[in-house]
Amino acid sequence: MGFIAWRLGGLYPSASSFPGTASDAVVVRRQSVYDCGMAAWDAGIRPGQAAREVRWRYPSAQVLAWRPDWYQATQEALGDWLAGHAARFAMETVEGMGGWWEYPRLDAETWRNLWGEVQSHWARRCQAGVAGHPLLARWIREEGERWHLPQWRGDGYTVYYLPEEKETKFWPYLPLRYLNVSPALRERWWRYGWECVGQVPGLLERLRLLPAGAAPPERLLLRETLAGEGEVLGRLLEYLGGQLTKVLAERGVGVDWIRVEWRGEGGERWHKARRWPEAVGERRRVLARLSSLLQVLPPWPPVEIAIEAEVHPLSTAQLGFWKEGDGGKKGRGMAGEAEERVGVGNLAWPQWRRETMWSFWDPWRRVGR
Amino acid sequence: MNQEGPYAFRWQRRYVRVAKILDSWRDVGEWWNAEPELWFWRVQGMEQGVYELAWDPQSDRWWLYRIYD
Amino acid sequence: MGKGGAHLHVHSAFSFLEGSAWPQRLVEEAARQGIETLALTDLHRVSGIVPFLEAAERHGIRAVVGAEVELPEGWGRLVLLAPDHQGYLALSQLLQAAHLKHPRGQPVVEWEDLEQWGSGLVALTGDRQGVMGRAWWSQDRKAMVDRLQRLTAIFSTGKLYLELTASHLPGDRAFHDVLAELSERHHVPLIATNAVHYPTKADFGLFDLLTCIRLGQPIESVHPERRINAENYLKPWALMVEALARWPQALRNALELAERLSPPKLLRQRRAPRFQLPPGADAPRYLAQLVEQGGRWRYGARWPKVLPRVQKELKVINELGFQDYFLVVWDVARWARRQGIRFAGRGSAADSVVAYVLGITSVDAYARNLQFERFMSPERKETPDIDIDFDARRRDEVIAYVRQRYGSERVARVATYQTYRRRLAVREIGKVLGFPAEELDRLAKSLPEAPLRVIQERWEAIPELRQYRESPRMRALLRWAEAAEGLPRHLGTHLGGVVISEEPVVEVGPCEHSAKGEVILPFDKRDVEQLGLLKLDLLALRAFTAVEEAVGEIRRRQPNFDYEAIPADDPRTYRRLQRGESIGVFQLESPAQRALAQRLHPDRWEDIVASLALIRPGPIKGNMVDPFIARRQGREPVTYPHPDLEPILAKTYGVVLFQEQVIAIASTLAGFTPGEADALRRVMTHGRSHEEMARIGEQFKAKAIARGVEPAVAETVFQQLAGYASYGFNEAHATAFAETSYRTAYLLEHHPTEYFLGLLNAQPMGYYPIDILLVEARRRGIQVLPIDINASAVATTMPNPGQLRLGLGMVPGLGEKAARIVERRPPGGYRHPLELVEAGVEQDLVGRLVRIGAFDGVTPDREGLLAAVVAGDRLGMWSLTSRSAWSWGRIIYWDYRELGFGQHQQLLAPWRDWLTRQGYFSVEGAKRLKPGRRVRMVSTIFRPHRPPTRSGKIVVFLTLYDETGVLEAWMGPERYQRFGQWLFSPHSPILAVTGRVEERGLAVEAVEPWRRHGP
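Chains as they are written, first to last, in our numbering: chain G, 3 to 371; chain B, 41 to 109; chain R, 5 to 1019.
Just chain G, same shape as in the assembly (with noise of 0.2 Å):
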């Protein structure tokens, strides 16, 4: 086992101005629950949920607004706290204070002591999961209870665990909600009625082969010799594209690094290579990132060329799923990316894709001119 994902309550605000007895007080932000006291807590109340239901869950509920002032200390020092302890981390605050965190061996000994610590200095309730994957863990903290998951229950704590041999099983199992993606592949998902991991193609593997962490930077080399005088470069600059695209796609990982050299028949050689702060797989990405490094091509005809890439495994933020040319999105790449349509040698896809093709009846653009 080894990652927790807990959600706090019942937090010892940390600044004077906190009003009254933190019991049935409850902290909304947003309109959903920050934070709420022990009864409240012990009523239902949970971080996350829904201002509107708050009376209807607990009636004697007092409904208080967020401050940031309130809770900046507990924030800071909780994070400390888990630098201190925790292999590795993710706090949330936005909708309550939680998040994971990854500890080598959990057991519910080792859990009431580290509890203990919590609770002496910034909270009073806690509900976690745990299991061998944040995203186990996530599911499992909020619904352990349905599951009829082990628990260990103390002093303000309930923690569900999921035992390793079944983790297995439920991976198929896992809402489709707790996925980090974008709406669009959100809505692709509900369209087809999926609503959790298992019924999504090929989902399963792609996730598990996701290690929640780093790990070590990997080069793959792809290299192609030109068939001979005529061969379009264009073509061949797709083919190898498109090629990286799919290891990619097939091993989970995205490129950050990108180099690619050429060589001529006398034996020349040219490369340019690049680094961008964050690894992409998806094809369009890719292949955007592969043209900029071809704005500036050298005057000779390549007999070879070779593309280098060091890859990285990708956050579930990064799972494209169809391949290209899916309804609508024209050449919008993420934030941090724009594609111009317009301008000198700025040829990210969709451009490339134009000139290729004119390449093949544009005289002024054919390939050898």
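Everything labelled a hint here was simulated from the structure, so no lab data went into it. Any given hint could be a false lead.
Just some of the chain G residues that point at chain B, by a computed CB distance under 10 Å [unchecked claim]: (1) E306; (2) R356; (3) W360; (4) P365; (5) R368; (6) V369.
Here are a few chain R residues that sit away from chain G, every Cβ distance over 10 Å (derived from the structure) [to be verified]: (7) W141; (8) G175; (9) R230; (10) G304; (11) R341; (12) P440; (13) A544; (14) V555; (15) E1012.
Treat the numbers as computed from the prediction; the structure is a model and nothing was measured. Positions of the beta carbon are idealized from the N, C-alpha and C atoms, including for glycine.
Start from chain G and add chains B and R according to the hints.
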């Protein structure tokens, strides 16, 4: 634009007159992604310069597609 | 927009994936635009010209025939036009040479052929893929000049043009400038075309998708053959003028050339051959002579009675000039009979006594009082259609005979166009659009039998589609698939169509090779008739093969057995049919037929004839089945609207079942001549509008009343006729088939082992798979012996009464090697699988033989043998004891996996005890329960399907079976909505089924996949 094609255009605060239309063509692009059909002209400017202009008949938008220098 | 205009370079869908519209549609669009002349120039073919010429006549467009051809040495393409009929003959010769001299699918026009035939043609240099375009793109000015000069040498002045297309491509201006310059310098005129591949701009999408399919590329791919714009449509002439404004002479020349061209005379010509008669004879007399001889043979002393009828028929035949046709067919039938090839005429030909006495059919139309006019009448001037079924194995001999008799250049097979079926369209277009393969597979398989348009409208009601909700991409896919549906995709050979022509066939059209290497005339069956050729349908019927095999086997022990002398009223045979135990019987084995038989209780010949007519969508939907059965069984009174109709309808208990009855009624009651009545029937059949039907009704009633029929009765009768006219079946056809149905039922009843042998050796055929045939055979007590490397022949054999030894021919992939294995079998038999490898059988096939137990007679140690095969070790040791033999479950598993059926037992047999303990019933067990009982079963399912039903609701029928037998089942719409997916899933065909036992089978209530947790 007259019947033959564009005869002048404005670009980066310059006014370029078309000396000659070198070529013209139409392109449907990625029509399955609802890309519109575009019309193109390759023109020779009065003072040097070969430009490629693109026009979207539906929105009547013009823009400079490419410059050769 | 003024009238006029000429498009002389146009592709239809007969350019196969390089054109996206039917020729008719192109003509319609041209007419809409006021274009005066249209040339059809498909790639290497003229296959679309019949619908093209017909449509052009209808719309008043000048039609020109041509083709675009590929020149040798990679020069590129050339568009050829036939200026007149002579030109068409030259074009046909040229195309035929291009096809026959080159491997299939890669026709090329050779220089010598172009030089020989070119002078009769007009040539245009094509678009960017044409001779000039390619040279220009390669920047080879010299080549352009050379090519032009070479072409000028072949095509005289005024017959060669440099083509400018208004394609709006980048580079066109420069290209056109160069062409204009060449035109000046070499005095070759320019011509304007638009290289049309689709009728309107909106049709470009489909064309691009078809291009992607042709290239095998997804839609986003980049490829030089993908067009970059949608300009190659039938452009209105005004736009052509605008686009090529710099070259007004090109436009003028197009119009001027169009004036000089005319279509070939192909329609409404008579091209059937004259039969070669003995010296001094003429066709009508010769025919009469043959008929006389045949009459005495068939009727003996009764012949004088039959004569008047025959003379009537001959009169019509002679009037219409079809004597030669009958003589040709008579000759073929006589030859087949002499060769001992089993055959039978089918279809409406059996309505003719002349056909009967000539030995073409075996139905006595006189005794059955069948209407000749259903087959031929003066009012119907088309060539009659005589179809003959032959023993499948020998049918090709018959065709070879026809070829040899009439000359192989005058005989050709007919083509059929494999069109885009819905499922294929969805699959291929979906693949291009990037849908994943498994999803497409599922979607394609689960599309119900409705036009795509309807499916799109009723999305929600279809369970398989519900999961996709309102995906716009899915809808786009279905829209495109609908547009593609029905377009021709491949050329295939028609099953049995053969044409004979008076002149060499090439004067009608260019022949090419089919996939099987036969010479075919690439026109559709219907087009061939329009061209006036004589067409025969010489079909291959595997049921005849089964009969021949069975009879041959019976005769080995009973040399006097005569299939033709099978008694026509054998009670045991009828009782078998009544029990619904007719799996294997020709035409009566389907679930629907068996269910009918169980209700109808056939006990006489007429019942069989009626059964064949009743089980079809028409009568079922028209609710004729129940009344018929009720009357037949005396539960409803048999009434006739008018006493004169009694002789006509008596055999069908007052129900109008046959087309011939419709004719007889119309002529008896209303005084139509039978020919007029048949015309009436055909009109009613083809679903006319209300007004038309009303008009016909008035006509009918008026005439009937004039003959003294009461108005109310006339009205009733007409309503009946109108209602049933389209559902009626051809009685002659039913009778012809009934003979084989009854006789095969007889064989099944009295000689089951031999008959199953026949069925197994004639596979693939019939409704049911081998697995079910074996289940039935075992139920009859036949011992089925598995394939044995030393005991099996190629075919299935009968070593002893009641025993069948399966043949090596049943092993997939073995093919001709099976014969070799048998031939080279050493005296003591094969002792080691490697002996087969040495005999030239591939290792995987040898492995397959081991896995199915062919070597079990040598040793049960299959593992050891397999290891020896793989290791190539001839001296490999294996165990002779069965300790290392495979378990029974494993044996059966491999049987199914390699052969598709269980040699020893059906798939579920080993589980029976366990299943019974779990409370699951076998088929036999379920059949013995009283109706209304609920039961759980685990069965193999076969052929789930959704036929049209009376109510129009979706009811799914399926066959359940296990080692104890076969049970038919069905499920209604709600169950189907819930469980339908299991039926069509690609996985195991074994399901756990819960249902209610009924008289006729099982009403399914729930279905789920069966998970084996057992031993």
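Results of checking the hints against the structure:
no.: 1; hint: E306; result: violated, 29 Å
no.: 2; hint: R356; result: holds, 6 Å
no.: 3; hint: W360; result: holds, 7 Å
no.: 4; hint: P365; result: holds, 9 Å
no.: 5; hint: R368; result: violated, 13 Å
no.: 6; hint: V369; result: violated, 16 Å
no.: 7; hint: W141; result: violated, 8 Å
no.: 8; hint: G175; result: violated, 5 Å
no.: 9; hint: R230; result: violated, 7 Å
no.: 10; hint: G304; result: holds, 73 Å
no.: 11; hint: R341; result: holds, 60 Å
no.: 12; hint: P440; result: violated, 7 Å
no.: 13; hint: A544; result: holds, 43 Å
no.: 14; hint: V555; result: holds, 54 Å
no.: 15; hint: E1012; result: holds, 18 Å
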